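Join the two chains, each given in its own frame, into one complex according to the hints.
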Amino acid sequence: MKKYFVNFCILSFAVFFLSGATEMPPAPAAVVTKVVNSAQYKPASGSWTTLKVGQALSTNDMVKTSGKALIVLKFTDNSVLKVRENSQVTISVTKNGKNVSKTVDIGKGTVNASVTKQDQQDFKVKSPTLVASVRGTEFLFGYDNDTTNVYLMEGKLFCEAQLGKKDTYELQEGMGCTVTSDGTIQAGEMTEKQKQEYNNSTKTNVRKVILKTPQGDLIIEYLTD
Amino acid sequence: MLRHLLKISLFVFFPVALFAQVSNYISSVKLSDAKEGAALTFKADLLNTNDISEITLAYRVFGASEFVRVEMDIWGPKAEVTIPGEKIKVPSLEYYFIVSTRNNTTEYYPIDAVNQNYLMVQVQPRSEKDDEVLVLSPDPGTELSADEALITLSLLKADESVDKTKTKIYINGTDVTSSALFADDLIILAGEELASNLKKGSVNSMRVELYKEDGTAYHSLYSGFDVTDELGGRVEGTSFKYFFNVRAESRNENVRDNNNWYNNFSFDGKATYGGFDLDASVYATSEEKGYLQPYNRYKVSISNEYFNIIGGDYTPSYQSLIMNGKRVRGVNGSIHLGFFNLQASYGEINRGIDGSILNILPPNSSLLGPNLMKLSDGSIAEIKQGTFKRDVLAINPYFTAGETFKFGLTYLHSKDDYASAAYTRGPQENLVVGTDLALNFDDGNIQLYGQGAFSVINKDIATGTIADSTIDKLFGEGKIFGGSSDDIKKIKDIINQFITFNQFLSPLKPEELSSLAYEASLSLNYFGNYLKGSYISRGFDYFSFGNNYLRTDVSGINIFDRVSLLDNKLFVTLGYENLKDNRNKTKFATTSFTTFNASVSYYPSFDLPGFILSFTRNENNNGILRTASDSLFAIDDYTNRFGAQVTYRFFAGYNHNLSVNASFSGRIDNTINKFDANNNMFGLNYSIEWSKVLQSSLNLNYSSNEIINGLSNVTTVFNITSLVLGSRYYLMDNKLILNGAVSPTFGDIQRTAIDATAQYFILKNFSLQFQFRYLINDAVSNDSIAGLTARYEFR
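Chains H and D are the protein sequences, given in the same order. The first sequence: position 75 = 59 (this note's numbering), numbered continuously. The second sequence: position 198 = 199 (this note's numbering), numbered continuously.
If we strip away everything but chain D, and leave its shape as in the complex, we get (with noise of 0.2 Å):
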């Protein structure tokens, strides 16, 4: 009875919450395990779904002071999104969410991180330890078969201080050791612990953990594979072999006293025939509206060894400064061939919306600015812009010998479809090259890297070309440009073939090459010692469509050493970049931007509490003097950032998971502006599992930002503290999943969200879920928002 009473306590006071902080768009956040070499990724679950337009990832690894922007994939009330595993790098990753709503506002995820304040993450390193476990099977890229499940790991090469029979392992989270049959080297799992614990179609993940004679822990290996069932359908008669799962809710959101319903379906599929692999994936929603962008998505795809089409919603990759974590609907495809492969996109990355009249002004208005339009009647009128339907065609060819060589061509060319918006100005085309090249020696100790792309770009194509008689009329002797109009129509001609050629292509003098943008790397991995050196230098004219996140007119350098100690457990990272702007001489002043990074990071056995202490130092400054008659223009500021985490993974009567992070930052402004500013923010994060069937996390994070208006001598203050309590708990033989969390949250925002889900599983393949969330604000009313899933698997 009181085993019972404790268990329901905790329900009630402890729930499941991975992270989470206070925000309008995001209820939580959750990150595969962060390992250097292994894609990273993020889903987050979201709130208010009806008002976000796009979600954007925006991450860093330590040392580099410019995040990379990607674009989340929007799947209901939940954003995912993946980071290649080359991109993850020891010690930690800083990250945070941009939402972009319907009304054109923007909010961040933490809420802060307008202020520095991001999200981080702890990367932990490979371990050359790594090696001494073997995975037998399942073949690493294969999948395991959920009818034949089995696993198998040799310790043929694990160092001779472990006891072999003390290996622990853990699948999905669950110790499975008991089943493991240990015949020396060999360890055997199969049977049906194995099977109950694995996620079939999804990726499942394996920890084994490795402990010396005495007990201590010595190394732990973490890695992932995917499960398939194989128990499918089958179209009679031939090797078409198919399974699918399906996924249908109702929801009910009750914002601010608006009440809307939203409904969605989700449909997930794959086959084999032959060689052949089809895939196709739909989500349709109610969401979904003409007058926005895509809320549907849908995808099919057919592969072989040789070749991948894919038809729908897909975001292909191409040279980051061309095309990178841009959505497609169209057609991508690719083939491989060894040395010579090619692979292209041809589709649409923005859907043509209709913009509208607001206001008819009186006749004669200016139609200077970028709301105001001339309409076919003669009138003018102030609009609200749509968005013209954005085409876009890659292509690119690339050779490649092994892993040591690729060499690539890449061409972009998009275009707004002037026709496609009415009430809406300035259509606009791109066009893009470049090349890059790939050269690793050495089992990839020595990497070089380079990239380079030029840009055209057509700011207004809504006129089309340029006609002759006005070249005529502005070029030739004794014409406003002088020159020879002959010449002009001739180049005309050339670049036509290309892009739209009027007085609105940029640059206007591409031999200055302010539409040039590349890039170049050098890594050395030696004795332990990673140093990689970039440049990067980009025009402020270049201009992808494929790529709208780059930072431009920007060129410097980056250099970055890491050293690791003690058999990869101790790691000193230091960081050095310095960019500046104005590469092209467009501004009166340049400034530099300069950042140091330094850290220390250690990784124990995976039983001992590891950390990182860093430091970080932003200094931004223009040349211009406070004294200067042009002071006002002025950039002198400099930030110091010191942070420190902790993670902590430990049993002690039952397993636990604890990760406490702090950082101090300050910022000094030298200018006459005098804007400092002062950031500190503390996080806990504290998960229990009590037992296979119940688990409880507690999530704090206080926030404390001020901000120092120096010329008005005024402070601005802003603090939070948000606080999760949750827990998950197993019932009926895990037929019945019971989620709750309570999550106050204090200081400038005020609120307290109570959340509540149950998912019962009528069948094994068909389940129900329930979710309840509600929301008590302050000063304005409360929110609720009320849903019910079905899934249901075919097999």
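So here's chain H without its partners, still in its complex pose (with noise of 0.2 Å):
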């Protein structure tokens, strides 16, 4: 009996640790369904390659954008995330059933999100000065030089500065607000040169306008809807 006991033991242990050993990578939480111009991405455990559409990403994975490039993906719940140019993003993703719970880390540059309303709750945006806890479904946030900026279209959003005096605003529609690395949010009603950076920023669609010149051709892209 002792002998079975032990043998039991041990083939617990073995059991425990080799699937330690073997644990399953984590389930993709998006897939990325644009790409313009070049962008990479970065697997949480690996270095930076080329993204190409299709790319399934996964918890902390991260992707970033240079100048005049554009990456939009998509969560398994059909929320989209639209990730401007010049723009660092780590994504990270907890299911729960048939939930997920995603936070989208900001370590520079915009997106522009469109949440999905019954998983509105589950969706948070962050930055190094802010968080934000959705509660509307479409708006822009970008980080520079230590300041965040949020615009709302639809919705609520709760925003939590996290330095200083850690100020806490909610956003209504068609409000927007700039956080410090002091902690405060200055909030208002939207202007119309912000209303119109926001509608830039939910185009995708690249345009090219080509000038034929004796000097070469000069290349014009822009984005619309």
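Honestly, I wouldn't trust all of these hints.
What the hints assert, rightly or not - Below 30 Å or equal to it, Euclidean Cα-Cα: the simulated DSSO-like pairs (lysine-lysine) are:
hint : chain 1 : residue 1 : chain 2 : residue 2
1    : D       : K158      : H       : K79
2    : H       : K82       : D       : K385
3    : D       : K385      : D       : K375
4    : H       : K187      : H       : K150
5    : D       : K130      : H       : K18
6    : H       : K82       : D       : K169
7    : H       : K18       : D       : K165
8    : D       : K169      : H       : K187
9    : H       : K36       : D       : K375
Said to hold, decoys possible - To list a few chain D residues with every Cβ distance to chain H over 10 Å, as calculated:
hint : residue
10   : L151
11   : L394
12   : F665
Unchecked claim - Examples of chain H residues toward chain D, derived with CB under 10 Å:
hint : residue
13   : P12
14   : V15
15   : K18
16   : S22
17   : K26
18   : G38
19   : Q39
20   : S42
21   : G51
22   : A53
23   : V56
24   : F59
25   : G93
26   : T100
Source of the hints: derived by calculation from the structure; they are not laboratory data. Just so it is clear, the structure is predicted and the values come from calculations on it, not from any experiment. Ideal placement from N, C-alpha and C gives every residue a C-beta, glycine not left out.
And the structure:
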């Protein structure tokens, strides 16, 4: 009996450690559906490689864009994240049954998010100076030079500054806010310029104008809806 | 060798027949997937196109007694029309086609539709399980680029019993599962196999089948998306991108010893420039003649987010009482500004065609009769009527608030150009004003819709506006009509600004509202129960040139209730309708039309057979007894109709698709005429996909009709059996596609049709197709049709 018990313990330990050794990679939680110009991808444990359409992304994976670049990625609950030019983003996802909690960590740059209504409670966007808990469905979130700017087009957004005074504020539809490194949140109605900035951030289709000159072709690229 | 022989024998004996019945004008009909809430497209392959002037689709959803008619677009040997998704309801839809010929005759398809033997398509329900498959890309309503073909699905919401790894994906009917990447909830499809199965420039279908862990079927989702070919041309130095395809056909038809050549050409092009989309299409045919309604079609459109302008042939959609299913050749435009929107159409709905003189009658002959006319030299002639050019102007400003609220006003004015057709009588003018209101609450679970319209028609504007002197002669003290001639002149001046004012204006008494039409409906969708009640009322004088097919002089209620049970697998439907004519008491008896419908439809998982059992009873009665003195005018009959349909798609070594339907109806006439009738119909459609390159089908239809004249005790019997055996075979790595079919018809119409088609792709974007049809007729000479078609796609 004792011999059986010892064998069972050895087997249990072996299973425990072997199962740890062969731990499955995290399940993909998003897929890249569009890449414009140069963008890169870094898995949680790996190095930067060129990002291609159809790439599945798992938790802690990172993507980054250079100038004039754009990434559109979709989470498995159909929420959409558009990563604009000169941005770097890490996604973290926790699956709980048929729901996924999503956190988008912005190292730098700007994202535009469109969140499915039923899952909006489980979507957070972070920068070093702000955590925004999504109660809305359409917003623009940008971080640069220790300052975070948020423009909300639809729904509500609960903002918590991460540094200094750690202000909190609930943004309403049509409002924008600026969060600085001292932890203050300055909120107000979106200006026309900010609305235009938001509208531009939703555009994902690239159009080109090629100007033929004696010195060569001048290519102008721009984004449309 | 044996396999090869098997393929050849299958090719010879079984072809592609989608759905075919005996007809002089329609050889086969194809339908897209019939699913509740999804647009349904009907395509008909035509014969003897030289004789066809118009084809109309008549359809009705289960529970409705009135058929809705929509004119089909004719493009060479094909006719096509799409019914909007909101009209498509579970469990079924009945339909038939009306072919109007240039000799002013009418033929139905199926040929015995006149005996209430209609075609029926089973409508699949929209299941809550559809939401368990999230299509991440392509986005709904967007186009998939053929260059960057990517389809991604998420099964995050799939039921726990689903084994995600067993999921199968079909693109345009081809199983592409082997090329899919499965990653937990994600399924990613990309690469060459996906791209090679996409149809560029058209709607593609996707079917996703989910299975449980034990391998049994769980659910299947159907979805459609457009695919664009990004490999178009570009004007250097600009963002102007374009692509197009052209098709040219030359066809010879030898029908009843009449030999005719037809040549036609079509062009379809799309272009984008900045935020603007441009579309152009042209169809030109040798069948176009100045003495016929137009056969050529052309359309150019430009649109962006806020507006849309279309020049050429277009079928606009306004509130259904006023303008629906009518092609306009002219300019159509719309502006979308969010809360305020506007659409307008201006153009021609009939071409002016001269009539002709048949006979010069003796002097002083009567002018009474629609085909008699006084000529400019004073002589009286019997004429063959032509058609006046008929112009139409429609304007519809409307206001919307999301999907919750819509309120619109519609104005339509249409007038015949008297100078556009010689030897033609009775130019007319029509004015209709209307309004509609739609309210949707609770995500569309409560829908309220109402519309009303008032029409004025002038049935002869040849003499123009009535003269003041004539009014003075007719109105005033001691004159024929009494009253005040000054008042009549004032009324004339007001009305004349909108429509020609003379004695042919109708309604004569607007206060009786005989030209008012209105309808309202309320639908509630809760607890798996869809309940809709509607009321319609249309006066006998109501008439809109924008919708000639509307049934008038009718009013009454329609109640429809559909209960879904067993997780949307079982539907029980009940319908009751009671309509009456004689709304304005202009007839001496009022006829009541009562219809009761009941059906049970069962849609188990997609790999098991689904069926519909239905019963319909129609009763018509005008209350005149058979013993009354005016019993000849009595209407007192009822018809009972039983129907059954089974559809089954299964895999037994190969993919099989089977559909069997039968209906039996009996009409009892209780009047002294005793016109009883019995109709029985049986249909079988069976197709097999032997491999990716070989498909075959069998189609059998049997129809038995018996009309009994109780007075003379004579029974007329009309029986038809038609069989279609067809197959499609892809050879030479899909460069050569062969189609063949043999279709014998037995019974009271006897003939055999033999069809063969070969399409060869010389280049990936350039193909030639040879088509041949031979009809072996009974008693008359045989017919033949042969044609060659070239297709080129610019890329």
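Results for each hint:
1. D:K158 with H:K79: Holds, because 12 Å separates the two Cα atoms, which is no more than 30 Å.
2. H:K82 with D:K385: Violated - the C-alpha atoms of K385 of chain D and K82 of chain H are around 72 Å apart, more than 30 Å.
3. D:K385 with D:K375: Holds, at about 13 Å.
4. H:K187 with H:K150: 33 Å, violated
5. D:K130 with H:K18: Answer holds: K130 of chain D to K18 of chain H is near 28 Å, not above 30 Å.
6. H:K82 with D:K169: OK: K82 of chain H and K169 of chain D at ~21 Å, within 30 Å.
7. H:K18 with D:K165: Satisfied, since the Cα-Cα distance of roughly 25 Å is no more than 30 Å.
8. D:K169 with H:K187: 34 Å, violated
9. H:K36 with D:K375: 79 Å, violated
10. L151: Given a closest Cβ separation of 5 Å, the condition is violated.
11. L394: 33 Å, holds
12. F665: 48 Å, holds
13. P12: 4 Å, holds
14. V15: 5 Å, holds
15. K18: 8 Å, holds
16. S22: 16 Å, violated
17. K26: This interface hint is violated because 18 Å lies over the 10 Å limit.
18. G38: 5 Å, holds
19. Q39: Given a least distance of 9 Å, the restraint on Q39 of chain H holds.
20. S42: Holds, about 9 Å.
21. G51: 20 Å, violated
22. A53: 16 Å, violated
23. V56: 9 Å, holds
24. F59: 8 Å, holds
25. G93: Interface hint status for G93 of chain H: violated (23 Å vs cutoff 10 Å).
26. T100: 9 Å, holds
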